[in-house]
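Undergrad: As a plain string of letters, each chain reads:
4 protein chains.
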Amino acid sequence: MKPTSEILTNILDDVRHLIGQGKVADYIPALAEVPNTKLGIAVYTNQGEVIKAGDADEGFSIQSISKALSLTLAMGLYQPDEIWSRVGKEPSGQAFNSLIQLEVEQGIPRNPFINAGAIVVADMLSSRLSAPRQRLLDFARQLSGEQHILYDKVVAASEMMHSDRNAAIAYLMRSFGNFHNDVLPVLNNYFHACALKMSCVELAKTFSYLANKGVSVHTGEEIISPTQSKQVNALLATCGLYDGAGEFAYRVGMPGKSGVGGGIVAIVPGEMTIAVWSPELDASGNSLAGTRALELLAQRIGRSIF
Amino acid sequence: MKPTSEILTNILDDVRHLIGQGKVADYIPALAEVPNTKLGIAVYTNQGEVIKAGDADEGFSIQSISKALSLTLAMGLYQPDEIWSRVGKEPSGQAFNSLIQLEVEQGIPRNPFINAGAIVVADMLSSRLSAPRQRLLDFARQLSGEQHILYDKVVAASEMMHSDRNAAIAYLMRSFGNFHNDVLPVLNNYFHACALKMSCVELAKTFSYLANKGVSVHTGEEIISPTQSKQVNALLATCGLYDGAGEFAYRVGMPGKSGVGGGIVAIVPGEMTIAVWSPELDASGNSLAGTRALELLAQRIGRSIF
Amino acid sequence: MKPTSEILTNILDDVRHLIGQGKVADYIPALAEVPNTKLGIAVYTNQGEVIKAGDADEGFSIQSISKALSLTLAMGLYQPDEIWSRVGKEPSGQAFNSLIQLEVEQGIPRNPFINAGAIVVADMLSSRLSAPRQRLLDFARQLSGEQHILYDKVVAASEMMHSDRNAAIAYLMRSFGNFHNDVLPVLNNYFHACALKMSCVELAKTFSYLANKGVSVHTGEEIISPTQSKQVNALLATCGLYDGAGEFAYRVGMPGKSGVGGGIVAIVPGEMTIAVWSPELDASGNSLAGTRALELLAQRIGRSIF
Amino acid sequence: MKPTSEILTNILDDVRHLIGQGKVADYIPALAEVPNTKLGIAVYTNQGEVIKAGDADEGFSIQSISKALSLTLAMGLYQPDEIWSRVGKEPSGQAFNSLIQLEVEQGIPRNPFINAGAIVVADMLSSRLSAPRQRLLDFARQLSGEQHILYDKVVAASEMMHSDRNAAIAYLMRSFGNFHNDVLPVLNNYFHACALKMSCVELAKTFSYLANKGVSVHTGEEIISPTQSKQVNALLATCGLYDGAGEFAYRVGMPGKSGVGGGIVAIVPGEMTIAVWSPELDASGNSLAGTRALELLAQRIGRSIF
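Chains as they are written, first to last, in my numbering: chain A, 1017 to 1322; chain B, 1017 to 1322; chain C, 1017 to 1322; chain D, 1017 to 1322.
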């Protein structure tokens, strides 16, 4: 069955009762203040059709969803070996910001979607780009086709005020030789990426290349190769939802990437890109109602990679 | 492109040079003595066609591949909550036989495909089946359609002689209340499951229900529901290859389950089941040439779930 | 100042208010049923004088205090290298029954006073003694001069019923080659040692050799050499109180060994042996009021090794 | 027996063959360049007598020995609860610069003698002293009676160039709220403390208060109270030699503090303070020949706290 706005609206109605059972991220005020009742979903098909419901056009902090965008950018700047010698491809089995595994495994992060891995990717971008922060913003604008997209400066500044643990991660990697630039400027770039403000519709459009063998549905450009597109989806499927990737695969059955702003992007390869938003998180740090919405969507339109 | 025996033969030729670069499992003599030159592959399509090459009809010790069979059996005997309250659905990020995470997470194994998880599943089977060992053997015979399938008694006895670490795992779970029967008889069943001797062709037939929404292609019976079939595939994709699941997803892009006997089963949902065998293992304990063969097959026939 | 029975009585009065703030060990009924109001202390001087107060003549389960006795016995049967290649001499920094460090450090326990270490020592005794259980009992009777000392069979049997975690520890060590006999008989011996029932007076007499350069004050026999006596005291000082050894050294300043039965033995080298008993434990598993009593005693008689 | 210069000279002769079997610290050039043949020992009795042998008057980088000095300073500025709520009193059971335990135990270092603990102490000094670096230098000069004592600026600068891991430790503690000042200035102070250049004779004089109930033998001043002196010795005995404290207690039997510059200070409470220097380190990071020299000294003069 094809997704329709009616299906999407029904799904939002069916998950709304979950609001109140999760917890909005509160480590920075700018996230804590987002109303927990926000709820939106958007589907962008490989034919370029947008289907949406709820608060699908309202921008929110994409947070860790940006890690997939940064990795995509790095894959265009580096050879595979250059990337995968500095960051692994395996699930971590641990919290997204743990330093334990990083110390045991001598500064090589498990995958590019935990904080340590994304910070290494940010370090890579800093080494090869003269203005990495502007480049990422341009990339998001290009892929979404929306020139108005901005960094939320309040969020970025607030993250920087609470950056101690990420600084610890970066310094630990630098002690192992796996971080090459100054810590604070790279973290500043990293936090700006997290502070990208985008809507469900914009996110679905932005990541359409992962559903379309590397070619942006919106622009028609090849962003990465078909093989690279499969690879990113494989990493998303095994590592994209922190320590909840198995549960997400079990229930939803699509590659995806979540952020603590409550957004999740999910991919149906060959068919469509989906973005959902509900700020309250489950114990793994993934959107509670958002995950359930994707689970219902997978059931009702009969899509799953499995 | 459809798989043909020529494609399969070429793939075996292309991976044969890897033999000598891995390491045959040697913790028990019965495995150490298997010639490292064995190499076979079989595809079983959802239309019931068998395509094969190399040593595809020679039986070998399926080892951990049996964990997927045992889980399937348990899913027919228990409600989901009964299973998933005792074993998780997440990748472990650790070696397959580590006790560290098991202690930290209070006796709940990360997933049913690491040793601890499979031992809990074996404990479940012992609680609900009067003759669990015979039942599993019958199940393998039924699914493969081959009545001659046997437990390799030498392997089973040898495993039992080297069972200390698995006994430690079982006792640790029992100390947390997550193991209910006597340890040694359950381990004995567990080791017998690992000692099932099957060929690539038999394995591909046996697991065809995972490629066919829960219905065995060979027998036409519904083994598990379509939803359960997706769930098992999701768990295989995230947890089926020990601490190499991400790498396998990245390179092969199919749900799969490996064993230290050198076998790997991989699923193309909706299309086919694949089994490959080459005894030498990589650092994660997965068949070195077998993984490469699946990677080449995925490329040449253009199949991937991503 | 010399200890007097008045000083000891005053100390017990001064610590009695702590009763109710700790927790009696309750993992087996035989320990849980001990009245939490029991409180006793005994000093045995190197001149052979007994000074005591409270329930100093009532027997209780000495539990881990037996680990020091078993080690002493093993030191008479093995060369130092034979012992210290199988068990370390360092504090663990972890709970007394953790398997984590044991796995990381490949089956070599940190020291002979955590469970794993004492189980290795029990394994050593089983290898060299024809009747290790009787031998340890004889040893306790000889050192205390009390022939009536017995194993509490109810405690020993009850421990055996709750032995899963210790069995896990033993099997894990066996998987690393650091355990040589059958697991259950050795555990049975180990639990019997823990189930020795002795009073404060008997304990103080028993361990007098550690305060007297290896020579039992009571019998005049050299139990171990002066050097070995110093070595045992050194190990007690750094490892004798589980993960509370630093705190105990800081507050009490004597080598000591505690048991979850609420007993603690402490040594003032060259002068006296002290035993105290109060069943309620602190968070580290050491007697709450007992530790405080030793702290007060150290202050009031002005003794400390520091 | 009393220590004499002949005894000390003989001991140095007897340990000299160990040179070549350890490893000079080489993480910074300034340490790596120190000749491995340096060997000195000094005893400072509570009667104010200096006995010495070898390179006992040559200054070297005291490194972690400074941690005991900084703690002493902090004990004069803070109430016990203020200190011990921010840093523990237990051995770590891990390497001196590990972050693993620090994350598990939520930013509270195990004890003041591992890096994390000493960095917290440095943070405390920064909070209460206007010029903590000058104050520590004055303290060392006062205690040793040598006004010429200096920070080795080359060592301090070199440490700062290799400070990534310690920065990671500090940031991790700050993320848990257990670090209050700017990271880099505190680290700079910390590295300066490590870069104090002192000789064996100066060290023995400096730490004489620990052998003399808190009163400096050299100046006659009470540096800390008798109780505090015992407490520091207790912490040194259980935590002063990194993950080799148990071995040091077993072999030497004195409270001590080592540094990667190859120095060790050891205390015989009530009698004397000893300092030894030999740059090559054992696997735990303690001076190899230095530890052996202290072991021989303990045997030959018959001193031990046990």
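No lab work stands behind these hints, which were simulated from the structure alone.
Just so you know, not all the hints are guaranteed correct.
[Said to hold, decoys possible] Now the in silico label distances, taken between C-beta atoms and shown as ranges:
hint, chain 1, residue 1, chain 2, residue 2, range
1, C, D1029, D, W1100, 24 to 32 Å
2, A, V1120, C, E1098, 29 to 37 Å
3, A, W1100, D, R1157, 29 to 37 Å
4, A, E1049, D, P1096, 38 to 46 Å
5, B, A1048, A, G1036, 41 to 49 Å
6, A, G1236, B, G1161, 46 to 54 Å
7, B, A1048, A, A1048, 57 to 65 Å
8, D, Q1163, C, Q1315, 36 to 44 Å
9, A, W1100, B, T1053, 40 to 48 Å
10, B, D1198, C, Q1315, 50 to 58 Å
11, C, E1098, D, G1318, 35 to 43 Å
12, A, Y1043, B, T1053, 54 to 62 Å
13, B, L1200, C, E1049, 26 to 34 Å
14, C, E1237, D, R1157, 47 to 55 Å
[As the list claims (entries may be wrong)] Each computed BS3-like pair below joins lysine-lysine, with the alpha-carbon atoms no more than 27 Å apart:
hint, chain 1, residue 1, chain 2, residue 2
15, A, K1018, B, K1229
16, D, K1169, C, K1229
17, B, K1054, A, K1229
18, A, K1054, A, K1169
19, D, K1054, C, K1229
[Stated by the list, open to error] Derived, one-sided and incomplete: chain D residues facing chain A with beta-carbon distance under 8 Å:
hint, residue
20, E1119
21, A1184
22, Y1187
From a predicted model like this one, the values you see are computed outputs, not experimental measurements.
Backbone N, C-alpha and C fix where the C-beta goes; we use that ideal spot for every residue, glycine too.
Undergrad: Is 54 to 62 Å respected by the C-beta to C-beta distance linking A:Y1043 and B:T1053?
TA: Because 56 Å falls inside the window, the suggested range holds.
Undergrad: Using the C-beta atoms of B:A1048 and A:G1036, is the stated range 41 to 49 Å upheld?
TA: violated (58 Å)
Undergrad: Is it true that the C-beta distance of C:D1029 to D:W1100 lies inside 24 to 32 Å, as the hint says?
TA: Hint holds: Cβ distance 27 Å, inside 24 to 32 Å.
Undergrad: Given the hint of 40 to 48 Å, check if A:W1100 and B:T1053 actually sit that far apart at their C-beta atoms.
TA: violated (30 Å)
Undergrad: Against the 27 Å threshold, does the CA-CA distance of A:K1054 and A:K1169 hold or violate the hint?
TA: Holds, at roughly 21 Å.
Undergrad: Hint check: B:K1054 vs A:K1229, CA-CA at most 27 Å. Holds or violated?
TA: Outside the cut-off at roughly 36 Å; violated.
Undergrad: For the pair B:A1048 and A:A1048, does the Cβ-Cβ distance stay inside 57 to 65 Å?
TA: holds (58 Å)
Undergrad: If you draw a straight line from the CA of D:K1054 to the CA of C:K1229, is it 27 Å or shorter?
TA: violated (36 Å)
Undergrad: Hint says 50 to 58 Å; check whether the CB-CB distance for B:D1198 and C:Q1315 agrees.
TA: Taking Cβ atoms as reference, B:D1198 and C:Q1315 lie about 53 Å apart, which means the hint holds.
Undergrad: Quick one, is the D:Y1187 hint okay against chain A at 8 Å, beta carbons?
TA: holds (4 Å)
Undergrad: Verify the CB-CB distance for D:Q1163 and C:Q1315 against the hinted window 36 to 44 Å.
TA: holds (39 Å)
Undergrad: Tell me if the beta carbons of C:E1098 and D:G1318 are separated by a distance inside 35 to 43 Å.
TA: Violated, at about 27 Å.
Checked against the numbered hints listed earlier, the structure breaks hints 3, 5, 9, 11, 16, 17, 19; every other hint is satisfied.
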